[in-house]
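Colleague: These protein sequences, in sequence, are chains U and Y.
When you number the first sequence by this note's numbering, it's gap-free, plus one each residue, and the end is 417.
When you number the second sequence by this note's numbering, it's gap-free, plus one each residue, and the end is 834.
If you're looking for bench data, these hints aren't it; they were derived computationally from the structure.
Hints may be right or wrong, so weigh each one.
Claimed, not checked - Lysine to aspartate or glutamate pairs mimicking EDC-like chemistry, simulated, CA-CA at most 16 angstroms apart:
1) Y:K694 to Y:D379
2) U:K196 to Y:D92
3) U:K196 to Y:D96
Stated by the list, open to error - One side of the interface only, derived from the structure: several residues of chain U facing chain Y at Cβ under 8 angstroms:
4) R212
5) D216
6) D290
Ideal Cβ positions, reconstructed from N, Cα and C, are used throughout, including at glycine.
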Amino acid sequence: MNKLYFNTILMTIAIIMLCTPVGANDSNATAKPILLGMSAAFTGPSKGLGIELYRGSQAYFDKINAAGGILGHKIVIKYYDDGYNPLPAIRNTIKLIENDNVQCLFNYVGTPTVTRVLPVIKHFNTDKSVFLFFPFTGAQPQREFPYEEYVFNLRASYRQETWGLVHNLFMVGRKRIAVLYQADAYGRSGWDGVRKALTEKELTIAAEATYRRGADFKDSMKRQVEILSEAKPDAIITIGSYAASAAFIRDARDAGVDVPICNLSFVGSENLLQHLSDLEQETGKSYTQDLINSQTVPSYEDTSLSAVRDYRKAMTENPPAPPEGFGKGYKPLQFSFISFEGYLNAKVMTEIMQRMMLREHFGSLYAATLSIRNLDIGIGTDINFGRGRHQGLDEIYYTTVSNGKFVPVQNWKRWSK
Amino acid sequence: MTIKMRMSKIFQKTILLNFALFGVISISMSLMSALTLYNHMVDEYISKGKAIASSIASSSVEILLNRDSSTIQSMIDQFKQIDGAAYVYVQDDNGDIISHTFVPSVPEILKYSNTHPNEVSVREINLPEEGTIIDISRPVLAGMAGYVHVGMDKGLITKYVWIAIAKLQVVMFFIFWASVFLLYMSVKRISEPLNQLTEYAKKLANHDFTASVEITSKDEIGLLADTMQNMASELTTIIAGLERAVTNATSELQDTLTYMEVIMDNLADGLLVVDVYGKISLTNPALSDLFDLDGKDVKGKDIKYFFTDEMNQLFNLVKGCEHEVYTSEINLGKRRTGKAVATPIHKKNAEDGAPLCLGAVILVRDITYEKEVDNLKTDFISTVSHELRTPMTSILGFAKIIKKKLDKSVYPQCQTTDVKTQRAMDQVQVNIGIIVSEGERLTDLINDVLDIAKMESGKIDWKNIAIDMEEVITASGQTTAPLWQSKNLELIIDIEENLPTIYGDRDRIMQVMVNLISNAVKFTHEGSITCTARARDNELIISMSDTGTGITQADQKKIFERFKQVGDTLTGKPKGTGLGLPICKQIVEHHNGRIWVDSKFNEGSSFHFTLAKGLPNTNVTPTPAPIALNTVGRRPGKKNSPLILVADDDPALNEFLSQILEEEGYRIITAVDGVEAVQKAKTQMPQLITMDLKMPKMDGAEAIKQLRLDPSTRHIPVIVISALAEGQQAGGDAALIKPIDDKRLIDTIHGMLQEDLIMSDPCMVLGKEEIDPVQNLLVICPGKINYCAPTELWNKISSGFKGTLFIPAKISTTLDLDKISRVPEVQLVIIPDN
C-alpha cells in the first residue's frame, strides 16, 4: 500500500512537472529527460536488428535533443540487451519499469521476446499505465486480446506481410508455397499468416520446415532445404532472422533450388544481403537472385519521400553510434530498413510525446497517441491511431535485390510461372 | 619384507572380500535404483506430460478459438523448455497441427495421426530422430478447441538412469576406496601388533629373552603380549636359575675334572682310555713316557698307530666288554717291561638297564724293576737251589751209599754181641735212616720251593696236550696206592662217563691229584677217600673227599698259603713241605680253574678244583724228547767196561758220580770244567759223558756244542746233569735233574750205552700198526713186535707185560715216561724221529 501510495505521489509529481508551463523552457538544462525503455538484441545472431533499430531512433532523437528536446526535456533511450531471448526481455522490462521508471517501453525487438513480455506489461498496467510503443515485430499477440490495449504498433503485421507475399506469388502463378520458419512464436506467427493466406485461396502449405532460434550463418540448413525441396515448391517464404535466412538461402541455392525466396521485414534485409554479398564475393556464385523481401516501411532509396531525405541526412551527417557497450566488431550500416523504421518510430514517438505535453491530454500517453489522426510523417502514407486501432501503418512494401541493393519491386511478372 | 607380505596377504584377502562385497552391493544397488528410478521417472514423466498438456489445454482455449497459433507457440515454447519434454504440439479441431516445436519438421508419424481421445491418453511412440517418446494427448475443451500433445523423451529417462548409475558407481568407487583405506588401516592396526608379536615370539624362540614388545592396547592382542612377556620373564628367571645351577655344577665338575686330571697326570702308571672304536680318548703323561708319545697328538686317533700289537690285542680282548679284566705283560721298548691291565668301561643304559660298552681303560705300569727283582729272585732261587741241590746230591747220595753199604756190607759182618756196640750200630742205623729221610725231605722241599718260585715267576714251561682225566685220576690212584693201602684206606673213584678231553699240562695236573690224595691219606686214619670228576659247562670239576680230621674254618683260609700247614706242629707233625696246596693252587689257576675246600672239623674235608677245557696249542711243538734208550738192568763191574767222562765242577758231585758209576763197573774219568771235558773227550774218547751245565771256563752247553762240532766226538752220548730245567735244551742226549737219583742215572747210562740191546724179552711198540717203526727194531726184536695203543699201555703193563717198550718220540711227551721207566721188568726205548 505504501509503495502504491508512494508511486502515486511520484507519478503526480512527474505529471506536474511534465505539465509545467512553457516557462520551463528557459530552464531546460535542469529539465528531467524523458526516458524510453528499450530491450532488444544487441548481442547474438540477431544483434544487427537491435543495433540498427536503436541507431535509427537515436538519429532522430539526437536531432530533437539537439534542438532542445521536448519542452526542454531530452529524450533518452534506456536500453538493455536481451539477446533475442524471452527471459532476459522479461527481466529487462521489469527493471525498466520498476527501477528506471521509464516513460514507456519503446522499440522492443522480436516476436518471442515481445510475446512473453506482454503479460508483464499487462500486469504492470493494473497499477499504472505502461505502454509498449512500436515493437519491431509483426506478430499477432500484441495486436489481439488481451494485450492489444497496452501496445501500439507502427508497422504492419506479419499476417499482412505474408498475405501480401502469398497473394502476389499466387497472382504470378506460384501456388505451391513452402515455408521455412523459426521454431518460435515469430516463426509461428509468419507460418500462421502464410497458412491463413493460402487457406483463403483454398491452398495449403506445400511443405514446411523449422529451424531453431539462434541459428547462425555458419550453421547448415541442408536438412531444411531437403525437406522443402522434396515438395517441389513454386516459392519459399522464410520467417526467420537474417543469419538463419542467409544460411538457408545459401544452402538452397547450393542445392539448386532456384525458386523465389521471400523474407519478411523482420529479417533485416541489409544484414541478410551483407552475408550473401560477402558469400558471393567469396565464392563467385550468385545468392542474391530471386529474393523478395517484404518491408513495412518504404525503401530508404526512395528519396522522393521527405522522411527518407531527412533520414539519410541524419544517418549521413550524424550517424549514431551503436548503443554504448555493444556492437563491438559490428559494422553499422549506413542505411537500412530497420534503422529507417527506428527513425520513423522515433519520429512518431516524438510527436506523441509532444502531444502528451499538451494540456488537453493531461500528460496521458494513451490519450496523446489516440489523438494522432492522419499524421503525415513524410512517407507518403498517413498514420492513424484511435480507439481499437493500435497499428499505425498497414502498407507493405516489396523489395528485391538489384545491384547489391534492395530496391522496390516494380513488377511481379518477372517471377511468373 | 615378510611382514609386509603377510600383512598384504591379510589385506589382500580382505580387499578381495571387500571388492566382491562392493561388486555385489553396487551392482544390485545400481540395478535396483535404476529400475526404481526408471519406473519412477516414467511415471513422473507421464504425470509431468499430463500436467503440461493440462496446463496448455486449460490456458489455450481462448487462443485456440482465436486461432492465434503464435501465442500458442509462445506458450508451448515455454513448456518445451521443461525438462524431459521432447516436443509439444497443438492440433486444432480438424487435427491440423497449428503449433509445434519440431525442428526441422513434424515427424511423418505425427503429421497424419489423428487419434483424438476424449480424455487424457498416454501412448508410446518411436520417432526416428527423437527415439522413444511417451506421447500424452489431451483434448482441449473436449476436443472442440483442439488437442494438446506432449512428448516426453523416454530416451532421456534412460540417459538419466544411466547418469544415476554412473554417479552411484562413482560414489561407490569412492566409498570402495575409502573402505579399502579404512580396511587397510584396521588390518594394519590388527596386523601390526600381530607382526610385533610374531617377531617377539621369534626372538623368544631364538632365546632372546631380553627382547620386548610394545603393545599397550587393552584388547586380546595386548593381553597376549602381556602374557607372552610374563612368560618370557618367568622363563628368564628359570633359565637364570638353571644357568646358575649349571654354572655351579660346571665349576664342581671342573673341580672334579681338575682333581681327576691332576690325579691322572700324576699317576705313576700310564693311563690309556680307548673308546669302543679303538680311538684314543685319554692319555696321561706317564703313558706318554712309557710309550714315547711325547709331543704326539694321539687323541682321537686309532690305538693301533701308536701302540704295540700286545696293547692292541689287549684292547681287542676287552673292547667287547665280555670279559672283566685282562692283564698282560708287554714290552715297552728301551728294554723295559710293563704290566698292562685292561678294564672295560661299562655303563648301564639309563633306560633299560642294558649294559653299554664305552671302551676300555688300560693301565700300564712299568714293572721293569719288579721284573728285574723277580728275575733276581728267580736267579737267586735257582742259584740257591743249584747250590743246595749239588751238596744235597752228595749228602743224600753218600748217605744212601753209606746206608746201603752199612746194610749190605757192614751189618752182616758185625755180628757182635756187645750190647754197646749193638746199640751204637742200631743208633747208627737209625741215624743214617733219619739222615736219608730228612735229606729226601729237604730235596722235596727244595724241589717244591723251586717249583713254586718258577710258577710264580712264570718260568715254567707249561705243556698243552690232550688229557684224559679219567686216565690221570686212575694213574694217580695207582701211584699213591702204596700210601693208602698201607693205612688200610679205601680209594673210591667216581668218574662221570664221557668226560671231555681237556688240554693242559698232564704232569702238573697229575701232581695236583697226587698231592691231594697224599694229603687226604695223611689226615685220614680210617675210612675212605672219594675222588669224583664231573663235567660242567666248559670245565671239569674234580673233588677229593676224605673222612679225616677236617679243617677248621679259620684254617681253611690259610691252607692255600705258602708254608701254612694245618695241625699242631708240636703234637703231630704231618709230613710235607707245606707247599703242596700252594703249588696245586698255582697249577689249577694256570688251567683257568679254582681250588677250594669244604670241611667240617672232625668230619672230613672235601677239596674241589675245576679245570677249564682249554684249547689245543697248535703252535707249540713239543720239545723233542731226548733220544734215549733206557736199558734197565744191572750188570756187575767188568774189566774193559765202558769209559765214562764225568764233567762237574763240584768235586763232591764228581766223587759221588764216580763212586756210583764205578760201583756199576764203569771206568771213570773226571773233568772239572768244560774245556777240560772237551779236551779229555777228544783224547780219551769216552763212551759216554755226564755233563754239568754250570761250570767255570766253559759251560756245559758250550762244551756239548764243541763236542758235536768235532766229528771224532760227535757220536758220544751226553747226559746233562743239571740243577736247572734248562738241561733238556742244552743239546745233550739225555738230561737229569739234580739231585741225582743214582738209580735213574744208572738206568739212563745203561740205555745210552745200548747195553743188553739184544733182548730175549718181547718187544712192544706204542702206537698204531700202520706207523712203520724204525726198521732197526726188526733187527733188535725180530718177529716179536706187538703194537699197543697209548691208552691201553697201562692195561698191558698191569696185565704183566715184560719186555722192551718202544715209544716214538712223537707220543712220548704224552706219557709219563718216568712212571713207565719205574715199572720193573719193562725196558723203555724212545724211538727218535727221523
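Colleague: Hint by hint, say whether it matches the structure.
Modeller: Outcome of the hint check:
1. Restraint check: the Cα-Cα separation between K694 (chain Y) and D379 (chain Y) comes to about 13 angstroms, which is no more than 16 angstroms; the hinted pair holds.
2. A hinted pair counts as satisfied when its Cα atoms are at most 16 angstroms apart, and K196 (chain U) with D92 (chain Y) qualifies at roughly 14 angstroms.
3. With a C-alpha separation of about 13 angstroms, the suggested pairing of K196 (chain U) with D96 (chain Y) holds against the 16 angstroms cut-off.
4. Because the beta carbon of R212 (chain U) sits about 5 angstroms from the nearest beta carbon in chain Y, less than 8 angstroms, this interface hint is met.
5. Interface hint at D216 (chain U): violated, since its Cβ lies 15 angstroms from the closest Cβ of chain Y, which is beyond the 8 angstroms cut-off.
6. This hint is violated: D290 (chain U) has a C-beta 22 angstroms from the nearest C-beta of chain Y, more than the 8 angstroms allowed.
The structure fails hints 5 and 6 (numbered hints given earlier, in ascending order).
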